[in-house]
Amino acid sequence: MRLAPALPPGARVLRMALLTALGLLAIFVEAAPIGVGPQAIPSPDLLFCIVAAIALRQPASAPAGLVLALGLVRDLLTDLPVGLGALALLVASEALRARSAAMARRSLVSEWALVAAAFLAMLAVQWAVLFVTFVQPPYLFDLGRQWVVTMLAYAPVVLTIRWIFGIGWRAAAAPGRAGLKGEA
Amino acid sequence: MARPGDDRTGELERRLRRAFLLAAAVLCLGLFALWRIDNPRVERLRMELADAVLPGMSWVAGPIEVATAMLRDYRNFLDVYEQNRALRREIQRLRAWRETARALEEENAQLRALNHVRLAPRTVFVTGDVIGDSGGPFSQTVLVNVGERDGVLDGSAAVDGAGLVGRVVGTGETAARVLLLTDFSSRVPVMIRPSGRRAILAGDGASAPRLEFVDAVDEVRPGDQVETSGEGGVFPPGLPVGRVIEMPDGGLRATLAADYNRLEFVRVLRYQPDTRIDRPAGLIVPPAPAPEQFGPMLPQSALPPGTLPPPAVGN
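Taken in sequence, the protein lines are chains C and F. So in the working numbering, spot 21 of the first sequence is number 21, and the numbers just go up one at a time. Whatever position you read off the second sequence (first residue = 1), add 1000 for the working numbering.
Any given hint could be a false lead.
Claimed, not checked - Now the in silico label distances, taken between C-beta atoms and shown as ranges:
(1) F:L1071 to C:W163: 24 to 32 Å
(2) F:A1086 to C:A11: 30 to 38 Å
(3) C:G166 to F:G1251: 38 to 46 Å
(4) F:A1113 to C:L25: 34 to 42 Å
(5) F:A1086 to C:G166: 30 to 38 Å
(6) C:T20 to F:G1250: 25 to 33 Å
(7) F:A1067 to C:F141: 43 to 51 Å
(8) C:A17 to F:W1059: 31 to 39 Å
(9) F:L1111 to C:L140: 53 to 61 Å
(10) C:A21 to F:R1102: 28 to 36 Å
(11) C:A21 to F:G1251: 44 to 52 Å
(12) F:A1086 to C:F134: 25 to 33 Å
The set of hints was computed from the structure by calculation and includes no laboratory data. Quick caveat, the model's predicted, so the values are computed rather than measured. The C-beta atom is built at its ideal place from N, Cα and C for all residues, glycine as well.
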């Protein structure tokens, strides 16, 4: 299999700027006070959706340093355990990045399953670390709600990234992949 | 065939990536440890960042807030007829209450005048817009756009129209973070009316926080009013918090008066506790006598010898 030629450096910088802008927007939207308090539906983890979608499609456009920085900004702004969320996001994005070429040949559904598993692992690790360090961890029910909401948000995020910002699979001509065009 | 994840990079770049990941892990775990050990320092970091990105957050939060408000208004619009009837009934009921309140206010004023009661110490407030919440299940805080510049202090009480919302736990120049009463780490000393019993309102992630350390459980009934007791000097006393409810297992909780679902504005109180007398009688007792003197010295010639009454012998 031949991968598509690497992007020219200008385009890569442009896409990194796009990830930065989208990431900050995602953080601000997550932080926007739509519903406050325990009864409100938790906001989806949009930053994770965007990072996962880009890290799978264009690994070079989502450098680890940028992902780490976005994760730390989010931790600080939305009152999460500082560093823990960023590390979980970074490790998840690296794990997805490593499966980028393999996923390019699969369908959206299997991509979804992979991302769902990655996010579940992220939440589980964060819960476990908080539990071990004697911080009161969140209720599993609330974490489950956040997981469901995030997975529901993943498809619109992927569509936005694909159709509005034109970030498609790196191996666009990979044989055997129907591609989003075929599914739409 | 390229290996998965191998961006046609050499061995060197893979190693660099691994080293970077390791460094990032150490950095993150270090920050996490710092957060766990020295929370105030991290809180300051949070608030400095919040100050920096506040304009961006408001731009994003503004339209979202407008959209949610429109959606809510539309829902209200759908059942406006039913609401109208309910409001009319409510007005009928409140008219009667208004008269009662007027009478009580007059009586109260008279009694105060009779009593020369000193009114509560100065409480001023500053109103802020809620521009962010923690959003996820990990904590329950909101970010408001008033800060030290507006006189918000760490520990100030935040209220909405109906009752206590929470306590300021971090202040930046233009932003402050309010810990909601439902957060796992929220503890507020409260008093339960009418019995006057004290308790601690402890958040545990549920929408009705637990009432802990109630000093006489059998005097507290469901429906009793919960208000801040002012102990600790952080909150002014008498802020409404909510009402007592009893859980099926016998535990007491408080439904909150503040409406978290419609939290758009909060008022942050700048409360200065009244002068407190915390030492016994420091102004009244004369300075302690010198150690060798026991009682006032009488001049020897003041009383002729023998005129002193004899010491009481058991009779």
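We went through each hint and held it up to the structure:
no.	hint	in the structure
1	F:L1071 to C:W163: 24 to 32 Å	holds, 26 Å
2	F:A1086 to C:A11: 30 to 38 Å	violated, 60 Å
3	C:G166 to F:G1251: 38 to 46 Å	violated, 56 Å
4	F:A1113 to C:L25: 34 to 42 Å	violated, 59 Å
5	F:A1086 to C:G166: 30 to 38 Å	violated, 52 Å
6	C:T20 to F:G1250: 25 to 33 Å	violated, 53 Å
7	F:A1067 to C:F141: 43 to 51 Å	violated, 28 Å
8	C:A17 to F:W1059: 31 to 39 Å	violated, 18 Å
9	F:L1111 to C:L140: 53 to 61 Å	holds, 54 Å
10	C:A21 to F:R1102: 28 to 36 Å	violated, 58 Å
11	C:A21 to F:G1251: 44 to 52 Å	holds, 48 Å
12	F:A1086 to C:F134: 25 to 33 Å	violated, 48 Å
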